[in-house]
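Colleague: Chain residues, written in single-letter form:
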Amino acid sequence: MTDLDELLRRDGERWRTTATTPPRVDWSALPSRRRTANLSWLMAAATAAVVVVLAILVPTWLDHGTSAPAPAHRPSPSPSPAPAPAPKSLGGPASFIALNHAGVTQVDALTGETHGMSVTEAGRHPTALAATDDGNVGYATYSESGCRVRVDRYRWTSSHTSEGTDAATVAGMKGEAIAVSPDGHLLALSVMPCNGNGSVDDLVVVDLDSHQQRRWTGYDDVSFLSGFQWGPDNQTLSYIVNPCCGGGTEGPRLLNTSAPGTSYVKPRALPVPEEIGRGVVLWYGDQLAVVMGTEIRSLTRSGQVGEVLARGLPNDVADVDTDRTGRHLLVTTFGHKLFRWDDGVLTRLPGGWVDASW
Amino acid sequence: MTADAGEASAIGDFREWVQPHLLAMSRLATRLTSAADSDDVVQEALVRAWRKRASYDESRGSAQSWLLAIVADRCRRHRTRARHPEPAELIDLAAAPSRDVDRSLDIERAIGRLSRRQRIAVELHYYVGLSVAEAAAVMRCSEGTVKSTLSDARRRLLPELQEVSS
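Protein chains in written order, with the numbering used here: chain A, 1 to 358; chain B, 359 to 524.
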């Protein structure tokens, strides 16, 4: 676990030692059941109608009749293979782009050493990262005043210096998920709408050539986006809609970004097994796939999990980024450890990176 | 048994059933609103839980997760109604050494800037003290989602708390 995890854990423990007073409860304020029983038939009917309306309007996450808080089941994790010592050549891209507290930097994919200084924008910290062109071009999002999210593009040259240019400016706040299509022409990012309540994300796709933007919206109340992955056709975007603490259906979805429509929740969530939940969905070559434990398994468009495509990933995978061949993966864990996976060979890379892409 | 006696008995049973979870309910309400509003929110949540108690199904989740989910919902409605921009001071100034107070205030401010989902995950896991599985049950999502949400939250907190954690 990270230092920050430990810091929060200690602060939480300290706070709980000060918050030990139970609440003052007026038990007599609980509504009387007898009052309802003594109402006239008209009042009883009205009460019943209110109950029905409430049952419809109350967020479904409080209604345990259909979807109760059943503890999620996770598959037994396979023993994690010991990371192999870095061989002289693993194939795949020579570099990747990574994000840490200092900013964005290019990293040697074999040694894990950084290429020069991290870049950032006027002291601001980027919130999301995507890369393309074998780890030579990176995109990072920055929140700006006036409810704008700015996307900067960095290209690393052969001398390992970067040039930052303004790639796009999108109306909204906190661009926390971002992905660039394999051909490098389309950029998908999530932003919170300016007039929103902070509990909803919009999906924006930017054409990096024409700078045209399209926007899709989600559920009205609570609707977060994550796990953007572009398909090999450069137009299908997979993502997870997470209605945590609100209504709606959790799960991966596939959106044809060239088709008409303005709702990213309209595509039906793939009915994946419950243990996958939000999970990590990716494109393994041309094949839609999902991370289950330490394996990558195929995933059909009807949500069925199929054959094992790859084994030997680390436990606790938070994100997977594939190169253009699908044979080389960058794997980040929830503990901010970074691995590369090359045709079954797992290699731990040094440093603590919160995101990496090539 | 008369109707009054029956109702009193039912309230007594409900009270006994809720009692072990009151402190956790109060802690979550305090974290998501303020110490001053916490009792009101818990009271509202209990009234709602009492009305909806017939819909609770123990085979689908623990009483604690069901009750905390109601508290979280009440907090959201309470904050919308009261238009609280941020939760009030949560630090017990008299009880904590000044260095801890400074650090906790920094952390508090940073947590206040998280998205709502990230904030609920952080408060449930780190401050109410629930496991990832328990937090998932409250948030009605998978454990993987809670882990991802906590990871996203830590990523967002990292630059703001870099100095505090070092």
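These are computed hints drawn from the structure, not numbers from a lab.
Worth double-checking, as some hints may not be accurate.
Pair by pair, the computed Cβ-Cβ distance ranges are [what the hints assert, rightly or not]:
1) B/Ser-489 to A/Asp-134: 35 to 45 Å
2) B/Arg-467 to A/Glu-144: 41 to 51 Å
3) A/Thr-20 to B/Ile-369: 53 to 63 Å
4) B/Leu-463 to A/Glu-144: 40 to 50 Å
Covered by chain A, according to a simulated footprint, are these stretches of chain B (three or more residues, beta-carbon under 8 Å) [what the hints assert, rightly or not]:
5) 376 to 387
6) 399 to 413
7) 460 to 469
8) 500 to 506
9) 510 to 518
A virtual CB, placed ideally from N, CA and C, is assigned to each residue, including glycine.
Colleague: With reference to the structure, classify each hint as holding or not holding.
Modeller: Outcome of the hint check:
Taking the beta carbon of each, B/Ser-489 and A/Asp-134 are about 41 Å apart, inside 35 to 45 Å as hinted. Judged by the Cβ atoms, the range 41 to 51 Å given for B/Arg-467 and A/Glu-144 is violated: they are separated by roughly 20 Å. A beta carbon spacing of about 25 Å between A/Thr-20 and B/Ile-369 contradicts the range 53 to 63 Å that was offered as a hint. Range check, B/Leu-463 to A/Glu-144: about 26 Å between beta-carbon atoms, so the 40 to 50 Å window is missed.
Three residues within the 8 Å Cβ limit are the bar, and the segment 376 to 387 of chain B against chain A gives 6, so the coverage statement holds. For the segment 399 to 413 of chain B, the stated coverage by chain A holds: 8 residues have a C-beta nearer than 8 Å to a C-beta of that chain, and at least 3 were required. For a cut-off of 8 Å, the count of residues in the segment 460 to 469 of chain B with a CB near a CB of chain A stands at 3, and the three-residue condition holds. Remark: the segment 500 to 506 of chain B is confirmed as covered by chain A, as 6 of its residues place a Cβ nearer than 8 Å to a Cβ of that chain, reaching the required three.
For a cut-off of 8 Å, the count of residues in the segment 510 to 518 of chain B with a CB near a CB of chain A stands at 7, and the three-residue condition holds.
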